[in-house]
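Trainee: Sequence:
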Amino acid sequence: MQYPIYNRLRAFTICLFFIVAAQPLLLAQKKKNPDAGQTVAQQVEASFNTFKTTGLCVAIVKDGQVVYSKGLGLANAETQEAVQTSHLFNIASCSKAFTAAAIGQLVEEGKLRWEDKVIDHLPGFQLSDPWVTSQFTIKELLCHRSGLGTFDGDLLWYASNYTDEQIMAHMRYLPLRQEYRTEFGYQNNLYTVAGLVIKKVTGKTWSQFIAERFFQPLDMATACPSNDELGSASKVARGHIDGKMIPIYDYVGGKPAASIYASVDDLAHWVRMWLDGGKYNGKQILDPKTIRMVQTAQTNMGVSANSENWGIHFKSYGLGWSLFDYAGKKVVEHNGGMPGYISKVALVPEANLGIVILNNGNDGVVNDAIRFKLLDHYLAHTGQDWDKIFKGFADMGAAGQTAETEARLKARVPDTKPTLPATAYIGTYFDKTYGEVKVSVADGGLWFSMEPSKELFSGKMEHFHYDTWKVQFNDPYLPFALISFQHGPKAEVAGFKIDLPNGDFHFWQLDFKRKG
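The opening position of the sequence shown corresponds to residue 1 in the numbering used here, with each subsequent residue numbered one higher.
I should point out that these hints are in silico values taken from the structure, not numbers from a laboratory. Errors might be hidden in some of the hints.
[Stated by the list, open to error] Pairs of lysine-lysine residues, derived as BS3-like cross-links and limited to a Cα-Cα distance of at most 27 Å, are as follows: (1) Lys515 - Lys417; (2) Lys438 - Lys470; (3) Lys117 - Lys204; (4) Lys515 - Lys470; (5) Lys70 - Lys388; (6) Lys515 - Lys432; (7) Lys470 - Lys497; (8) Lys244 - Lys470; (9) Lys460 - Lys417; (10) Lys199 - Lys283; (11) Lys438 - Lys513; (12) Lys460 - Lys410; (13) Lys417 - Lys388; (14) Lys111 - Lys235; (15) Lys204 - Lys279; (16) Lys470 - Lys410; (17) Lys454 - Lys438; (18) Lys490 - Lys432; (19) Lys460 - Lys438; (20) Lys460 - Lys470; (21) Lys391 - Lys244; (22) Lys417 - Lys470; (23) Lys244 - Lys283; (24) Lys329 - Lys62; (25) Lys490 - Lys515; (26) Lys513 - Lys432; (27) Lys432 - Lys417; (28) Lys70 - Lys279; (29) Lys432 - Lys497; (30) Lys283 - Lys417; (31) Lys470 - Lys432; (32) Lys289 - Lys199; (33) Lys460 - Lys515; (34) Lys417 - Lys497; (35) Lys490 - Lys470; (36) Lys515 - Lys497; (37) Lys283 - Lys62.
[Stated by the list, open to error] Have a look at the derived ranges for each label pair, beta carbon to beta carbon: (38) Trp131 - His487: 37 to 43 Å; (39) Asp415 - Lys244: 18 to 24 Å; (40) Lys410 - Phe314: 38 to 44 Å.
A quick note: this is a predicted structure, and the numbers were derived from the prediction, not measured. Idealized CB from N, CA, C, for every residue including glycine.
Whenever a hint applies, use it, and build me the whole structure from the sequences.
Mentor: See below:
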């Protein structure tokens, strides 16, 4: 994956955590953290003021107690409602740790084994390689070593109307681009499969199981497993992109990879359980053996030059958690990103320390800067000027995005016309992995609609050049798409490809052919 990962068009990629490519300019920045002598509150506020994200909530658990909990900024930029620690945020991929813990409980109860074959529980599970399908284990649903590339197939779940069973069925068409059990490839769809395993074994949906097994016993009174279950909840911190509030779309209703809404007050209880050997208020929620399993390295991850410069030597992925070393301590962490929301939950078990950071400004840099500052503070470590370093990442990301957009627009060839009349492009097109796209007439022109996700992935077609049209999807998270049509042997419209540069959704993998 290429830098910048903090480009808003690549917000989900923070799930991989840290920087994956060296930046010489930033490697030279080795000044001590100027906030090191300040209190925790002052350090958090300094980062908030530097990055000016819309809203930010931070909670710190130390030695079993919540020692800091505060909201800064706005929950809603339109109403100017101040954010509070009780406001709900979509925690996105921080939901994965709940799914891993749920599977762990079923292992504790003897209803599953980590090494069970997935097909023994879900006979319909199928990847593109039959041998990999036959060997794939329950544990491997959770540790990103399937052979699929990072984010391959994410268009199947993101804002689509596919059921979880349909998503699993479509996964058989995704090529395995990496070495099975060797290379790291971040996968959201396999967590959906894990949710289907939970349903098969317990008879309960993932949402029901998570609420019963974790939200209720952990007194996470306001947490919600999915946006479609928010109901009339009034204390929701609304997501923002570029300072503008976005709708609460049904991006991931009930998806085990990314759908939980919770507050830092809720997540402080979750953190206390992990730091107390699986206990909460004296009640055993998770067996220590399960904690050891999910927080043990399963898949190796590379260490960038930046990370080495910051004193990080090893990175790996466990089950629903990322793992790395810092200041001589093991850090157990996960990040999450959905449009308008960036989240982080970090644990340092040896220091009995937990950190929760949620923001609704689509701003991953502020979370990482605060995390490093707090680790330095509580581990008595001499750190660097984290605000300056991560502000540099943000500035380079914004500049890169602007340059990319300008280059795409500059490539347009003016004064060209389509090969055929507009009516010739009307029809239904199909990609075996994704499904149907319809080109129709609307508002006096052509309309493009990716049917499984048409609420977001649709828009008016504007002629760009030759047989290419420009479409700005309804989703504020995405840049414009360029739809380039191809012709068959009789000059008829045969299909199209989509050019939409984005690190999270691989439109380039799709190849649509005309039906009929």
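Trainee: All hints, please: hold or fail.
Mentor: Evaluation of the provided hints:
no.	hint	verdict
1	Lys515 - Lys417	25 Å, holds
2	Lys438 - Lys470	15 Å, holds
3	Lys117 - Lys204	21 Å, holds
4	Lys515 - Lys470	22 Å, holds
5	Lys70 - Lys388	23 Å, holds
6	Lys515 - Lys432	11 Å, holds
7	Lys470 - Lys497	12 Å, holds
8	Lys244 - Lys470	24 Å, holds
9	Lys460 - Lys417	17 Å, holds
10	Lys199 - Lys283	25 Å, holds
11	Lys438 - Lys513	11 Å, holds
12	Lys460 - Lys410	21 Å, holds
13	Lys417 - Lys388	49 Å, violated
14	Lys111 - Lys235	37 Å, violated
15	Lys204 - Lys279	24 Å, holds
16	Lys470 - Lys410	13 Å, holds
17	Lys454 - Lys438	10 Å, holds
18	Lys490 - Lys432	24 Å, holds
19	Lys460 - Lys438	12 Å, holds
20	Lys460 - Lys470	8 Å, holds
21	Lys391 - Lys244	20 Å, holds
22	Lys417 - Lys470	14 Å, holds
23	Lys244 - Lys283	43 Å, violated
24	Lys329 - Lys62	15 Å, holds
25	Lys490 - Lys515	16 Å, holds
26	Lys513 - Lys432	9 Å, holds
27	Lys432 - Lys417	30 Å, violated
28	Lys70 - Lys279	25 Å, holds
29	Lys432 - Lys497	14 Å, holds
30	Lys283 - Lys417	70 Å, violated
31	Lys470 - Lys432	23 Å, holds
32	Lys289 - Lys199	23 Å, holds
33	Lys460 - Lys515	21 Å, holds
34	Lys417 - Lys497	18 Å, holds
35	Lys490 - Lys470	25 Å, holds
36	Lys515 - Lys497	15 Å, holds
37	Lys283 - Lys62	19 Å, holds
38	Trp131 - His487: 37 to 43 Å	39 Å, holds
39	Asp415 - Lys244: 18 to 24 Å	35 Å, violated
40	Lys410 - Phe314: 38 to 44 Å	43 Å, holds
Comparing the model with each numbered hint stated earlier shows that hints 13, 14, 23, 27, 30 and 39 do not hold.
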